[in-house]
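Those protein sequence lines, which keep their order, are chains A, B and C.
First residue of the first sequence: 2, per our numbering; consecutive thereafter.
First residue of the second sequence: -8, per our numbering; consecutive thereafter.
First residue of the third sequence: -14, per our numbering; consecutive thereafter.
The set of hints was computed from the structure by calculation and includes no laboratory data.
Yeah, the Cβ is synthetic: ideal placement off N, Cα and C, and Gly gets one too.
Take the hints with a grain of salt, since some may be wrong.
[As the list claims (entries may be wrong)] Not the full set, but computed from the structure, chain C residues with beta-carbon under 8 Å of chain A:
| hint | residue |
| --- | --- |
| 1 | Ile51 |
| 2 | Ile56 |
| 3 | Gln66 |
| 4 | Thr68 |
| 5 | Val69 |
[As the list claims (entries may be wrong)] To give an idea of the chain C side of the interface with chain B (calculated C-beta under 8 Å), a few residues:
| hint | residue |
| --- | --- |
| 6 | Ile(-3) |
| 7 | Pro(-1) |
| 8 | Ala25 |
| 9 | Ala44 |
| 10 | Asp53 |
| 11 | Tyr54 |
| 12 | Ile82 |
[To be verified] Label pairs and their computed distance ranges (CB to CB):
| hint | chain 1 | residue 1 | chain 2 | residue 2 | range |
| --- | --- | --- | --- | --- | --- |
| 13 | A | Met102 | C | Gln60 | 52 to 60 Å |
| 14 | B | Ala58 | A | Met125 | 48 to 56 Å |
| 15 | B | Gly102 | C | Met85 | 23 to 31 Å |
| 16 | C | Asp50 | B | Thr60 | 32 to 40 Å |
| 17 | C | His52 | B | Leu97 | 23 to 31 Å |
| 18 | C | Gly27 | B | Ala(-2) | 23 to 31 Å |
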Amino acid sequence: MGIFNDFKISGSGMYAYRKWMDALSDNIANINTINPYDQAAFQERFVQVQSADVAGSGGGVAVTSVKYGNGEGRLRFDPTNPDANDQGYVRSPDMDLSDQMTNLILAQRGYQANASAVERARSMYEAALNLGK
Amino acid sequence: MTDPIQAAIQYSLHGLSDRQHTTSNNIANIQTPGYLAQQTDFETSLRQALGGGQSVALDPTHLTSTAETNTNGNNVNLDNETMTAIDTELRYQAMVDAMNTKFKMLKSAIGS
Amino acid sequence: MAIAPIGGGTSIQPIEFPKLDSAGTNKAEGGSFGDKLTGAIGDLQKTQAKSDDLAMQVATGQLTDIHDYMIAANQAEIATQLTVAVKNKAVDAFNQIMNMQV
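The shape of chain A in the complex, shown without the other chains:
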């Protein structure tokens, strides 16, 4: 299907932003996950993307991998926590909720932008199909 290339390009964009949204939802759900000192903290999920030629359409973006962030996390002093070690430290994730929420808005806007690009391309093609009518 090399004919309506714009749809493949925008489709790859929508998929990439959706993957990012999934990763951000995972991060936000685990923003307060406390792990014991001798275990790794919850690692922030990052989605790596790269511009690629999607299925011969001449453009688009591909999700290359999902990377995990810092496993050391932040040490929090909380001796009342049953998971705390002898010094009273537990590990919390090295993430900020404000960053994650900002990224969530960016991911949503990106998804909407790609969806509206699809709609515009579609009305252009329909206008071409109505030539001579």
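Got chain A sorted already, so can you dock chains B and C onto it with the hints?
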């Protein structure tokens, strides 16, 4: 009338409506555990028939998608299916228009 | 400070319109009307063949610009109708001549 162009247009209309059916089926099964997305391919057989010059009975083939599956074994990609649906719809319109053009030209030659 | 006049005094050349023959086309004079009709039918076949070829490219999903196909299809349709109209007029004219009292 065995105009090969008309036969090719008719086959592509058949293949496109088959693809529409496959896409709707995939979207309906987007949460089904273990479901693998199906794809319709009629372009390959059409290209072979147009290049080869033999008249063969053409049938669209169905392939299973080899995309990676998510945690419940489902590998339907909603964005791909949506794009395929829009693409199929527009190409169907183009093929219907092609058939109409053929008929109009024949009718204007006859009706004169 | 004196302003120098616009030099040269070159006059503006009149526009040359391209010369068209009485039919308004660039075809050479000569050749009977039958030849012209045959030529027009040959062009029509070329236009129809181009429209068919682009339709096949759309069917196999190889064409990148759908407007190319739509323009070619419309051109073929219009060329067909034009050729048919010219043929009808020619036949009418022939019949009129044949019906003239000698």
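Evaluated hints:
1. Ile51: holds (5 Å)
2. Ile56: holds (7 Å)
3. Gln66: Gln66/C check fails; min Cβ-Cβ to chain A is 12 Å, beyond 8 Å.
4. Thr68: With a closest approach of 17 Å, the Thr68/C hint is violated.
5. Val69: Given a least distance of 17 Å, the restraint on Val69/C is violated.
6. Ile(-3): Since chain B brings no Cβ nearer than about 49 Å to Ile(-3)/C, farther than 8 Å, the hint is violated.
7. Pro(-1): Violated: closest Cβ of chain B sits about 45 Å from Pro(-1)/C, beyond 8 Å.
8. Ala25: violated (14 Å)
9. Ala44: holds (4 Å)
10. Asp53: violated (11 Å)
11. Tyr54: Nearest chain B Cβ about 7 Å off; hint holds.
12. Ile82: Constraint on Ile82/C not satisfied, violated at 20 Å.
13. Met102/A x Gln60/C: 52 to 60 Å: Once the Cβ atoms are compared, 56 Å apart, the range 52 to 60 Å for Gln60/C and Met102/A holds.
14. Ala58/B x Met125/A: 48 to 56 Å: For Met125/A against Ala58/B, whose Cβ atoms are near 29 Å apart, the range 48 to 56 Å is violated.
15. Gly102/B x Met85/C: 23 to 31 Å: holds (28 Å)
16. Asp50/C x Thr60/B: 32 to 40 Å: holds (36 Å)
17. His52/C x Leu97/B: 23 to 31 Å: holds (24 Å)
18. Gly27/C x Ala(-2)/B: 23 to 31 Å: holds (25 Å)
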